[in-house]
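Just so you know, the protein sequences line up as chains E and B, in that order.
Residue numbering for the first sequence follows the numbering used here, beginning at 885 and increasing consecutively.
Residue numbering for the second sequence follows the numbering used here, beginning at 17 and increasing consecutively.
Mixed in with the good hints, there may be bad ones.
[Said to hold, decoys possible] Not the full set, but computed from the structure, chain B residues with beta-carbon under 10 Å of chain E:
| no. | residue |
| --- | --- |
| 1 | Thr86 |
| 2 | Ile89 |
| 3 | Thr96 |
| 4 | Glu116 |
| 5 | Glu124 |
| 6 | Asn187 |
| 7 | Phe497 |
| 8 | Ile518 |
Note that these hints are calculated values from the structure, not bench results.
Values in this document were obtained by computation on a predicted structure and should not be read as measured data.
From the three backbone atoms N, C-alpha and C, an ideal C-beta is built for every residue, glycine too.
Listed here are the chains, written in short residue letters.
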Amino acid sequence: MGFGDLELLTLQQYWWFIVSLLGGLFVFIMFVQGGQTLIDTLSENETEKTMLINSIGRKWELGFTTLVLFGGALFAAFPLFYSTSFGGAYWVWLAILFCFIIQAVSYEYRTKPNNFLGQKVYESFLKINGSLGVFLLGVAISTFFSGAEFHLNDNNFVLWDNPLRGLEALANPYNYLLGFALVFLTKISGALYFLNNIDHQPIRERAVSSIKFNMPIFLVFFVGFTAWLLLKDGYSVDPNGVVVLEQYKYLNNFLEMPIVLGMFIVGVAMVVIAVFVAVVYGFTCCIRTAGVGIVVTVTAVLLNVGYNNTAYYPSLTDLQSSLTIVNSSGSHYTLMAMSYASLMVPFVLAYIAYAWYSMDRVKITKEEIEAPDAHNY
Amino acid sequence: MEEHLVDWSRAQFALTAIYHFLFVPLTLGLGFIVAIMETIYVKTGSSEWKKITQFWMTLFAINFAIGVATGLIMEFEFGTNWANYSWFVGDIFGAPLAVEGILAFFMESTFFAVMFFGWNKVGKKFHLLSTWLVAIGSNLSALWILVANGWMQYPVGMTFNPDTVRNEMTNFWDVLFSPVAISKFLHTIGSGYVIAALFVVGISAYYLLKKRDVLFAKRSMIIGATFGLITSLFLTLSGDESAHQVAQHQPVKLAAMEGLYEGRTEAGIVAVGMLNPEKTLTNDAEPYIFELEAPYALSLLGYHDIDAFVPGLNDLVYGNKERGIMSVEEKMVRGKIAVAALEDYKEAKKANDEQKALEAKQILDQDMKYFGYGHIKTAEDVVPPIGLTFYAFHIMVSLGGWFLVLFSVLLYLSTKKDISRYTLILKSAVLSIPLGYIAAEAGWIVAEVGRQPWAIQDLMPVNIAATQIATTNIQISFWMFAFLFTLLLVAEIKIMLKQIKIGPDGGH
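Take these sequences, add in the hints, and give me the full structure.
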């Protein structure tokens, strides 16, 4: 039996799972962004700063690629979301893109001679990307739960109902919870990555201190977000495709999808345990456990909002314009064709893991960074 | 939709595409050149070849970053600027983009890190493999985005679904192996290879003129000139096929490329010429102020037949019954029937009148191929800016010819003579670096400006494709992008120049 034999709904669910998984992987790989915000905190001299920047700088392209793939997969599998959100919430997405453009060049240009803007400017770009970029992404994803002001005409073309074109999401304080939770989560995962990737005791000690500082703040925002999510009304779709408000919809989704709930609990537990072990016992390998935990948790949250007859992108101005995985998806043929392409994903993950392992089995040291023939960022 | 809005959206997309295409072509070609150099290093074990590889790799990295950044913007601009388009074709256009992400981007980005930081961490062979995979990955990225672009120029492999109001893919292989997509891919990567070769021979020539790093420069010159000559020939062949495809599927573009108003058999190509600005579709003014024509060449290029009839703009806009060419007015009538049929279909569906819906769908199916003409206001609107298309085409072709000559001479001199004595040729090589970019941008203008007003050929004009948003938003973001891209371009040029000045001994 091939993908072509599957029902459209099954393919839609399969692709929502892939998009959710990509979202999870993207949040995990944002340890690069979190690490960028820590370069001053964790270093006391230029060599240490260069060690930090080289540690995460060797992974920045993966974050970019995951973002592009996340966008591409949404475009192909759920084109109505792509056209609605990107065309409608114009300024939020442009602000996010700006934060990412400035990251791309910063690693390569920072220490190059005659770099025109100066080293500090490129380091500021990294910090903007790591804090504002991540925060805005959190706010944008939070609109999956809080909704947005749009309606669709009978050609399915988007008409945005707020002149701020997406920036109005910043007026909703609940969206800040996920925004800040992500900022502090990426700081923690960045520090865990440094612990694992850099063989330099002073940096490791400062990384542990930074985790101790950031973890409680993260927990406050994360618990706040989770509480908001579980207690709020959600957007349910009845068998006729009519969208209605349902009390405790997201809590109900967890209860009605125990596997997703289990993923969420296990994922959160893995992050907490990883942090605990890293801080208390000084383990340096906890980024792996935390990384899996982050991927699983985020995937579970996104599955919650997409599965179980839920509108994952609710419209606040015209409830029936809300997007579900059914009304916003690509055709059966396209989903089927892309599903075959998705079979390449394990192969891709395998070579990424191998290349990553090959590069990281020798940890970054002061000597490597100071070597005369080193290609440093 | 507001006309200014569409113009600003087009300007912003053009701005991004032009900047993107300043960086990407070099990546496409330089990746392979570096891989060839490293292969020689691994075969010979020569430290000189390692130094050569690492120097060009450093320049590759400086260029790579902005290419990635502008590429990201382009992907999302399909949504931000062309939301209606994104929905209308997302079912088809999104698939190649997703496959691009899975198959190409990860390969490129994963092995990029190994290529730069793995010299002392992984084995020589794994490192070499990584360098080749980066080159292959970047070219695979180009494949998928150009497949998507080729589909916009020649939409195939889909049907229109009136229930969802979008085109839906019915055959992935038709989309992937569309002749337009293939020729577009080959011609575009060919231009990237030539730009990279010009870059290598130009910088090598600079060192030879300065009488420094002579061995390094001579070796780089041989690799660059060989690569350049082979790829220039390839570019010529793919250009021929590209023009043939344009003649088959976008005859208006071909006529604009040549400033051809009246169709004729045994049509020649204007080798050198200047358009008459007074000439319009409706007056009798001469099309050119002067022109020097290569006889039969256009018939040959477009139809592979020296006697073939090449339709002019007047034939294509106003029709030519003798040649069986339908006028735009007729297409507009049929397009309006299709648009009205779609509305009828939607109304019938709402009213649950299946019979009426079926009838409307039959009418829609009959005239769907003219659907986009239903949104065209006047027949003349289907003609792209003739001057821009004409000059861009001729600049591209002329420069392509020059590159072929230049690489031939450089290869001959660097293998048979002492090239460092031929200063005029070396200076020409240095000056030709920007010419490669000009030719590539001109090619982009031919391809994209030449297909206006269509976002998707015959199906969707740009004024329907654009996001409905206040023009001020696009204006503000246009200037923000213009400022940021220019800033980064200046930074890149300054860093590149400095690295070149430092030379291969300090290029890490």
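Evaluation of the provided hints:
no. : hint   : in the structure
1   : Thr86  : 8 Å, holds
2   : Ile89  : 6 Å, holds
3   : Thr96  : 5 Å, holds
4   : Glu116 : 7 Å, holds
5   : Glu124 : 8 Å, holds
6   : Asn187 : 8 Å, holds
7   : Phe497 : 9 Å, holds
8   : Ile518 : 7 Å, holds
Consistency note: the structure conflicts with none of the earlier hints.
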